[in-house]
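Colleague: Chains A and B supply the protein sequences, listed in that same order.
Just so it is clear: in the first sequence, position 87 is 87 by this note's numbering, and no numbers are missing.
Just so it is clear: in the second sequence, position 215 is 215 by this note's numbering, and no numbers are missing.
Hint data in this document are derived by calculation from the structure and do not stem from the laboratory.
Bear in mind that the values here come from a model prediction, so they are computed numbers and not experimental data.
Hints are supplied without guarantee of correctness; some may be wrong.
[As the list claims (entries may be wrong)] Straight-line distance between alpha carbons at most 35 Å, and here's what the computed DSBU-like set of lysine-lysine pairs gives:
#1 A:5 <-> B:2
#2 A:162 <-> B:2
#3 A:84 <-> B:2
#4 A:114 <-> B:101
[As the list claims (entries may be wrong)] Listed below are several chain A residues computed to face chain B (Cβ distance under 8 Å; list not exhaustive):
#5 72
#6 74
#7 75
#8 78
#9 81
#10 93
#11 98
#12 109
C-beta: ideal position from N, C-alpha, C; glycine also.
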Amino acid sequence: MIVVKDITKSYHADTLETLVLRGVSFTINDGEFVAIMGPSGSGKSTLMHILGCLDTPSSGTYHLDNHDVSTLSDDELAEIRKDKIGFVFQTFNLLRRATVIRNVMLPLVYAGVKSEERERRAMGALNAAGLEDTYFDHLSNQLSGGQVQRVAIARALVNDPKLILADEPTGNLDTKTGEIVLETFERLNRELGRTIILITHEQEVANHAKRIIYIRDGLIVEDRKTHRSKTHLKI
Amino acid sequence: MKITDIIQETYLALSANKVRSGLTMLGIVIGISSVIAMVALGQGAQSSIQSSIQSIGSNLIIVTPGTQRGPGFTVSAGRGSAQTLTLEDANAIQSEVSLVKAVSPEVARRYQITSRGQNTNTQVVGVTSAYPTVRNLEVSDGSFITDQNLRGASKVAVLGPTTRDDLFGQGANPIGQTIRINRSDFKVIGVTKAKGGSGFSNQDDTIFVPLSTAQRFLSGDQYVTSISVAAQDSESTSAVQQQITELLLNRHHIANPQLADFSTLNQADIVATASSVTQTFTILLAAVAGISLIVGGIGIMNMMLTTVTERTKEIGLRKAIGAKKRDISLQFLAEAVTLTFIGGLVGIILGWGISFGVRYFGILQTQVTVSSILLAFGVSAAIGIIFGYYPAHRAAGLNPIETLRYE
Chain A
1 MIVVKDITKS
11 YHADTLETLV
21 LRGVSFTIND
31 GEFVAIMGPS
41 GSGKSTLMHI
51 LGCLDTPSSG
61 TYHLDNHDVS
71 TLSDDELAEI
81 RKDKIGFVFQ
91 TFNLLRRATV
101 IRNVMLPLVY
111 AGVKSEERER
121 RAMGALNAAG
131 LEDTYFDHLS
141 NQLSGGQVQR
151 VAIARALVND
161 PKLILADEPT
171 GNLDTKTGEI
181 VLETFERLNR
191 ELGRTIILIT
201 HEQEVANHAK
211 RIIYIRDGLI
221 VEDRKTHRSK
231 THLKI
Chain B
1 MKITDIIQET
11 YLALSANKVR
21 SGLTMLGIVI
31 GISSVIAMVA
41 LGQGAQSSIQ
51 SSIQSIGSNL
61 IIVTPGTQRG
71 PGFTVSAGRG
81 SAQTLTLEDA
91 NAIQSEVSLV
101 KAVSPEVARR
111 YQITSRGQNT
121 NTQVVGVTSA
131 YPTVRNLEVS
141 DGSFITDQNL
151 RGASKVAVLG
161 PTTRDDLFGQ
171 GANPIGQTIR
181 INRSDFKVIG
191 VTKAKGGSGF
201 SNQDDTIFVP
211 LSTAQRFLSG
221 DQYVTSISVA
231 AQDSESTSAV
241 QQQITELLLN
251 RHHIANPQLA
261 DFSTLNQADI
271 VATASSVTQT
281 FTILLAAVAG
291 ISLIVGGIGI
301 MNMMLTTVTE
311 RTKEIGLRKA
321 IGAKKRDISL
331 QFLAEAVTLT
341 FIGGLVGIIL
351 GWGISFGVRY
361 FGILQTQVTV
371 SSILLAFGVS
381 AAIGIIFGYY
391 PAHRAAGLNP
401 IETLRYE
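Next up, chain B with everything else stripped away, as it sits in the complex:
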């Protein structure tokens, strides 16, 4: 029996029972499309979480002050409360740790800001000119804080877009205007590009001022609240983290690493953790969708068994005129595989459509990958073969005499 004959027979058999074939296919369509859509959702979530972590900065290591725990003291004042990091620590990291791209010491605190009768409470960060490099920040209007501003402790400020909207109104140009932070007037010299909420801190709702200015006029001391370090590439982050820890322990004269008065956070660790969470999430979603695929496969088997019973006489006739077991089983297998194949194709298109719709209407970020399509295709073909094999085998094994007598 030639392939063209099998295709023709399959078409005739399936089109003879259009409603039944369609409903059976629907099971596979739903199964495949939900697998595609669910995996797309999971992978979309994964990439959006990753990119939002990456938006904080790339290959980032953040050093924050640890718990203040003096000799004899047992009461902890809480993490990050200690004032142990200084500008000198940051300079030492820059000069002594290898594979460092840039170091950005920061002083951050919330203040009430006023401007022309408007006021808002937001985070004011004292930064150096290295900050945009380390934190992947870009300026949309004006300029960022320069080394000259730092040396002169100038009272200049760069606004995040959200702060700009709060103080001057949506999309206004604030450059050259004056804002008042903690009873000092600052001149606005730039506005940063919107980055969106990163989950950890909203960089759009921030005011940047020179570090020296922040220390002199706002905090009034020499400490920094965190040091962000950018490693040269993602492979070197752990090595850099290790070196920073050793250097700071040494500089702070601490012998026991357990008693360190600072802590370091590696961005690669955060990304890895978030990835493993979203991956588990994706697998879970795909597994739930996979169950509906199995149910669809059982639907195929059910239909094929019914078909074999209904067409017992036809099977007998085909055998009488010379069909071999292989011809019969191929014919029924082809029907089952065609059902799953078409169902799979429609399912892929539908799944793609669903994930496109979810993305288009901004509900969630989705990403359809080639691998998930190939997987769905392979699975649907396999389901056709697995669930079609038993009915086909049964049809092929029927006794021609009994099938001819079947009423």
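Pulled out of the complex, with its shape left as it was, chain A reads as follows:
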């Protein structure tokens, strides 16, 4: 469960202070599929970095599974990321010189999982992400964009994380492959009960989620359930 309370984030450039997040609060329960939406410069990327434990807020608290992670050191944050968070990036970020299976096994290397178990878990994750077995030993630059993103999703899944954070996962894909990737997320949420947070600036993409948090100028302007969920909530 994610509980965010009054989070602010400011950046200092010389004497100029830029307030990117100006007091954001929300709660995301386990098993939700949430889209965080907003135009560029709205602060949604900064929010994603904080939710992904890549950064800490300037003020406010962030509880991940009843554990305050807003004041941890870099290495403690790395520990949290390793155990609880899986990332899917717009630019995929696969290691080009490594095979598909090796890319997916990478988080397990840092988690200290035994070599024999790594392959089994990586294959399971790849199957869950919907990639056919024949591609497992390909280099990632031999795959299509949609396939690459499914490898990235498998990599995010392999550690069995609480939370999957996807930052513009369809940004570099055409509409059709984008749809397939979004359906993969929906399926993971529906069938495996994963908590998924999707960052996007496109309404169509956000519509795949069950709940959309709109953010603008560092503040939440709307937090509502979509048609995919039972009820609508407006604040």
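Dock chain B against the given chain A, drawing on the hints supplied.
Modeller: Just chain B now, kept in the frame of chain A:
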């Protein structure tokens, strides 16, 4: 992160850029191999100089006549010109100085030698039977001069191999033949083993005759030109030298040691001087080679910094999926150390090969020591750590958000 994982990651990273990794390694290979080869050259030179000094004789002290400087005379006739040493001096050293193994008085002079129409100009040395012991000389054919030859002042001669070649032809057997020295006929009774040029005098180009014969038929007086003394061991040489000086001053009735009419030369001093020269030489060579090793290390650092920049995004990803600072810095450090380690290994083999080649083709004497290999290995590992540390530290300190955004 386990060691096997680090090794695997390192292999993947280095093999992804084979040419660059190879060229960077080449810097270390050249550095290490030149250190090994240069030190081997220096140490080879040192041991060959030492052994050639030792070949003159072991634990040797040589007494030579000093400057003739009578009362009132200010003109020196030059060192070694005086005729002050006699056979009695040699006998006194033998009987009165302790820790002496053997004493060999010698009379040496150059003569024109003829034999069956061949002729050569060489050094004729009048010696006693103690000479082979003192000067580490061995006889290959026939026999050396005996005490009986000495007592009878027999006209017999032992040839050095070079003289034998000059007079009788390469490898001929001269024993029983006659040679003519200064209008006297000498019968050849032996040939010595080749020792090679010692740098001081070529003992292979020498004719040995009994001391008594040399004094009676060749020089015509009772003096000797030098007395070689062998001490019992290397520790006692200075004590023996001291005793000889005191004894001879006493025998020659000289009160002031400054006015001694003889001088003594200790072989240990020569060896020590030569060793310190070659040691300096070795250090100089190693230092020059060491510079190329440092340049190689800078090459490693350069490559690692480039790699860190190139792989910024990868570093960001690794951090996002849970790599700690230590994991990142270990990975890059492992790459740098692997480069220097492999480079060092190849360098040692190459350096060994070079010094073997130099020895094999007879250019110079070389000697590869375990210590120089260990040193080279340690240095290459240290270079990997030192020059890899900064890039690794830089990679580990990168901000994950910025690295993920890096294009």
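Colleague: Using the nearest Cβ pair, does residue 81 of chain A come within less than 8 Å of chain B?
Modeller: Holds: closest Cβ of chain B sits about 5 Å from residue 81 of chain A, inside 8 Å.
Colleague: Given residue 78 of chain A was flagged as interface, is its beta-carbon under 8 Å from a beta-carbon of chain B?
Modeller: holds, 5 Å
Colleague: For residue 114 of chain A and residue 101 of chain B, compute the direct alpha-carbon distance and say whether it is at most 35 Å.
Modeller: violated, 74 Å
Colleague: So, as I understand it, the hint says residue 109 of chain A touches chain B; can you test that by seeing if any CB pair is closer than 8 Å?
Modeller: holds, 5 Å
Colleague: Grab the minimum C-beta distance from residue 74 of chain A to chain B and call the hint holds if it beats 8 Å, violated otherwise.
Modeller: holds, 7 Å
Colleague: Run the distance test for residue 84 of chain A versus residue 2 of chain B: straight-line Cα separation, threshold 35 Å.
Modeller: Distance ~21 Å between residue 84 of chain A and residue 2 of chain B Cα, so the pair holds.
Colleague: Take the shortest C-beta to C-beta distance between residue 75 of chain A and chain B; is it under 8 Å?
Modeller: Because about 5 Å separates residue 75 of chain A from the closest Cβ in chain B, which is inside the 8 Å limit, the hint holds.
Colleague: Is the Cα-Cα distance between residue 162 of chain A and residue 2 of chain B 35 Å or less?
Modeller: Roughly 25 Å separates the two Cα atoms, so the pair holds.
Colleague: Does the closest beta carbon of chain B sit nearer than 8 Å to the beta carbon of residue 72 of chain A?
Modeller: For residue 72 of chain A, the interface hint is violated, since the closest Cβ of chain B sits about 12 Å away, which is over 8 Å.
Colleague: Are the Cα atoms of residue 5 of chain A and residue 2 of chain B separated by 35 Å or less?
Modeller: violated, 38 Å
Colleague: Hint check: is the beta carbon of residue 93 of chain A less than 8 Å from a beta carbon of chain B?
Modeller: Holds, about 4 Å.
Colleague: Does the CB of residue 98 of chain A sit less than 8 Å away from some CB of chain B?
Modeller: Because about 6 Å separates residue 98 of chain A from the closest Cβ in chain B, which is inside the 8 Å limit, the hint holds.
Hint check: violations occur at hints 1, 4 and 5; the rest are consistent with the structure.
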